[in-house]
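**Student:** What follows is the residue order along each chain.
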Amino acid sequence: MKVFLGDLVLIQGSIMKKDGRSRINCIFENFVTFLRKCTFRVLSVGPIPEHIAYIMDGNRRYAKKQNLIEGTGHRVGFLALMSMLKYCYEMGVRYVTIYAFSIDNFKRRPEEVQSLMDLMQEKIEGLMEEESIVNRYGVRVHFLGNLKLLSEPVRLAAERAMVATANNSKAVLSICVAYNSTNEIVHAVEKACEEKWEEISLLNASGSGYGLIGLECIEKDEGENLIKLIDIEKHMYVSVAPDPDILIRTSGETRLSNFLLWQSAYCYLYSTPVLWPEIGFRHLLWAILNFQRNHFYLEKKRKQL
Amino acid sequence: MICLLTLPPVPLELKSPLSFRTRAQQQQHSHPFSQTLRSHTVPHKTLTGGGTATTTVTNVALSEHNDLNAAEEDEPLPAELNEELMPNHVAVIMDGNGRWAKQRGLPTSAGHQAGSRSLRELVEICCKWGIRVLTVFAFSYDNWIRPKVEVDFLMNLFEREIKSQMQKFVSEGIRISVIGDSSKLPQSLQKLISDAEEKTKDNSRFQLIVAASYSGKYDIVQACKSLACKVKDGVIQLEDISESLVEQELETNCTEYPYPDLLIRTSGELRVSNFLLWQLAYTEFFFVKELWPDFGKAEFVEALISFQQRQRRYGARLS
Numbered sequence: 001m002k003v004f005l006g007d008l009v010l011i012q013g014s015i016m017k018k019d020g021r022s023r024i025n026c027i028f029e030n031f032v033t034f035l036r037k038c039t040f041r042v043l044s045v046g047p048i049p050e051h052i053a054y055i056m057d058g059n060r061r062y063a064k065k066q067n068l069i070e071g072t073g074h075r076v077g078f079l080a081l082m083s084m085l086k087y088c089y090e091m092g093v094r095y096v097t098i099y100a101f102s103i104d105n106f107k108r109r110p111e112e113v114q115s116l117m118d119l120m121q122e123k124i125e126g127l128m129e130e131e132s133i134v135n136r137y138g139v140r141v142h143f144l145g146n147l148k149l150l151s152e153p154v155r156l157a158a159e160r161a162m163v164a165t166a167n168n169s170k171a172v173l174s175i176c177v178a179y180n181s182t183n184e185i186v187h188a189v190e191k192a193c194e195e196k197w198e199e200i201s202l203l204n205a206s207g208s209g210y211g212l213i214g215l216e217c218i219e220k221d222e223g224e225n226l227i228k229l230i231d232i233e234k235h236m237y238v239s240v241a242p243d244p245d246i247l248i249r250t251s252g253e254t255r256l257s258n259f260l261l262w263q264s265a266y267c268y269l270y271s272t273p274v275l276w277p278e279i280g281f282r283h284l285l286w287a288i289l290n291f292q293r294n295h296f297y298l299e300k301k302r303k304q305l
Numbered sequence: 306m307i308c309l310l311t312l313p314p315v316p317l318e319l320k321s322p323l324s325f326r327t328r329a330q331q332q333q334h335s336h337p338f339s340q341t342l343r344s345h346t347v348p349h350k351t352l353t354g355g356g357t358a359t360t361t362v363t364n365v366a367l368s369e370h371n372d373l374n375a376a377e378e379d380e381p382l383p384a385e386l387n388e389e390l391m392p393n394h395v396a397v398i399m400d401g402n403g404r405w406a407k408q409r410g411l412p413t414s415a416g417h418q419a420g421s422r423s424l425r426e427l428v429e430i431c432c433k434w435g436i437r438v439l440t441v442f443a444f445s446y447d448n449w450i451r452p453k454v455e456v457d458f459l460m461n462l463f464e465r466e467i468k469s470q471m472q473k474f475v476s477e478g479i480r481i482s483v484i485g486d487s488s489k490l491p492q493s494l495q496k497l498i499s500d501a502e503e504k505t506k507d508n509s510r511f512q513l514i515v516a517a518s519y520s521g522k523y524d525i526v527q528a529c530k531s532l533a534c535k536v537k538d539g540v541i542q543l544e545d546i547s548e549s550l551v552e553q554e555l556e557t558n559c560t561e562y563p564y565p566d567l568l569i570r571t572s573g574e575l576r577v578s579n580f581l582l583w584q585l586a587y588t589e590f591f592f593v594k595e596l597w598p599d600f601g602k603a604e605f606v607e608a609l610i611s612f613q614q615r616q617r618r619y620g621a622r623l624s
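Residue numbers (the working numbering), protein chains in the order written: chain A, 1 to 305; chain B, 306 to 624.
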């Protein structure tokens with residue numbers, strides 16, 4: 001009996017200790033969240049970007065730096081992504097686009113590609129869980145890219161996630177997988193041509209096309225009217241969101257690597273030397289402050305014209 | 306963001322045909338031009354200006370090598386730079402002329418004049434250090450909304466510079482190409498440009514591409530229109546549309562190296578501003594705080610050092 005009671009006391013004691021520790025953690029976390037929200041309030045005196053894009057570079061370098069086994073860098077990177085999404089949505093950024101996997105990345109070793117695909121599938125399924133960030137913040141998820149290049153399980157998981165979150169409307173997360181900007185543009189051009197071709201065929205069928213199909217495209221005017229910028233833009237994968245206001249690339253590289261080439265025509269490009277798994281609130285804060293400073297300068301210039 | 310074109314004096318001409326390279330070919334291309342020539346030792350010889358098309362390849366290679374030697378003596382490559390890692394194609398967004406002038410209490414035109422000196426210097430250095438193509442963002446399609454006085458000044462300046470530098474281009478082996486919607490430029494300038502392009506089209510030692518009234522999006526749209534026309538005429542099928550077909554229709558198809566290896570933007574702005582969008586897919590960016598008129602050899606060396614230290618992986622892994 002004594003032993004049994006003693007055990008109970010011991011168990012109760014350890015639960016209380018755990019409770020105590022988790023309570024302290026909880027209080028601390030709430031305090032940090034409160035501070036963060038105060039910071040966002042201050043930031044929102046200036047313009048808050050509507051759309052931030054991320055090139056999440058440096059996962060492998062991080063794993064090497066920390067002497068972790070290969071593949072762990074990407075897992076830690078995923079945690080960093082969840083934090084960054086939380087900060088963005090708390091701040092009121094409506095659209096976030098991330099460069100998860102490029103078509104060029106298929107050139108890597110098959111083992112690495114496979115482990116990335118497995119990780120992606122695991123995390124996509126995690127996104128659909130009740131307590132996941134997408135449900136907490138009402139985020140609609142899009143998977144953008146040439147999804148036919150993905151293996152079937154990953155593609156199906158992606159499609160399920162898109163259907164499951166289709167009714168969320170507070171924010172948007174665009175995950176670029178099997179994506180390349182030049183591939184996207186070619187796809188948009190093909191779709192635009194196909195659409196125009198169908199239009200002309202219909203016109204001809206109804207007799208009001210004046211035999212356009214038979215005519216050679218020698219006159220400038222015909223070429224001018226055939227395809228417009230807007231025709232191409234509406235067929236871009238990333239047309240689910242407006243053009244990004246800031247494009248953040250980690251790990252110190254300053255290049256686009258075939259990401260959002262069309263959409264980043266006027267975007268503020270921010271490169272930070274921190275590796276993606278190490279990115280935190282202060283880096284985002286710094287990027288936004290720089291963006292705001294530049295925004296004020298551009299507005300001033302525009303008013304002068 | 307108005308930038309200025311001027312045309313520089315440069316060494317000898319080499320006549321050989323240009324051929325279009327796809328992005329894959331350009332990635333593999335490792336600058337054999339300077340490597341092969343620098344490995345030879347030959348007595349000095351000069352070609353008279355305006356060498357003819359009948360010049361043999363060997364003679365041309367010899368003279369080119371000799372003049373490269375001479376050029377290098379004038380402006381040797383700094384010790385910090387590795388000759389093997391020099392970029393083939395450098396692109397520059399020449400930003401900051403207006404701010405430079407304002408800082409000094411001068412009119413904007415003075416800023417553009419100062420900017421022209423920077424460009425002259427840069428073109429000379431690029432030629433001497435074996436860079437094959439320099440593309441400069443002289444005037445954006447978006448710049449037409451600038452005050453008419455400034456726009457007219459720039460158009461006049463452009464015309465004056467081409468006229469004054471034309472002879473040097475012809476004799477010294479620079480090919481000039483202009484990309485952009487030239488239909489918005491004054492008629493006289495359009496004619497001057499097409500004459501200049503025609504006269505220098507066979508020069509291949511160095512190419513200066515001037516983006517005037519240019520928009521990266523417009524470039525892609527006009528490529529798309531050409532492809533749409535070809536599909537309509539049955540020249541190609543819809544399924545044939547691919548990245549390499551689009552590449553061939555872009556305005557940068559006038560050069561053997563359509564993709565910049567390095568993009569430099571001055572004045573501290575961190576954006577591409579609708580310059581070469583497709584072509585910048587794998588370009589290394591280098592942003593400098595200096596205003597364009599203050600951008601000189603030292604800043605360019607710094608950009609090149611940074612470029613040479615970068616690991617260009619094109620999405621793959623190096624190890």
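Treat the hints with care, as some may be off.
In the BS3-like style, the derived pairs of lysine-lysine whose C-alpha atoms are separated by at most 25 angstroms in a straight line are [as the list claims (entries may be wrong)]:
1. B:Lys506 <-> B:Lys473
2. A:Lys148 <-> A:Lys107
3. A:Lys228 <-> B:Lys489
4. A:Lys300 <-> B:Lys602
5. B:Lys594 <-> A:Lys300
6. B:Lys535 <-> B:Lys407
7. B:Lys535 <-> A:Lys191
8. A:Lys301 <-> B:Lys489
9. B:Lys535 <-> A:Lys234
10. A:Lys234 <-> A:Lys170
Calculated from the structure, these hints are not laboratory results.
Predicted, not measured: the structure shown is a model, and the values here were computed from it.
**Student:** Could you run down the list of hints and mark each one as holding or not?
**Tutor:** The hints, checked one at a time:
no. : hint                  : result
1   : B:Lys506 <-> B:Lys473 : 14 angstroms, holds
2   : A:Lys148 <-> A:Lys107 : 17 angstroms, holds
3   : A:Lys228 <-> B:Lys489 : 18 angstroms, holds
4   : A:Lys300 <-> B:Lys602 : 32 angstroms, violated
5   : B:Lys594 <-> A:Lys300 : 19 angstroms, holds
6   : B:Lys535 <-> B:Lys407 : 49 angstroms, violated
7   : B:Lys535 <-> A:Lys191 : 15 angstroms, holds
8   : A:Lys301 <-> B:Lys489 : 24 angstroms, holds
9   : B:Lys535 <-> A:Lys234 : 22 angstroms, holds
10  : A:Lys234 <-> A:Lys170 : 22 angstroms, holds
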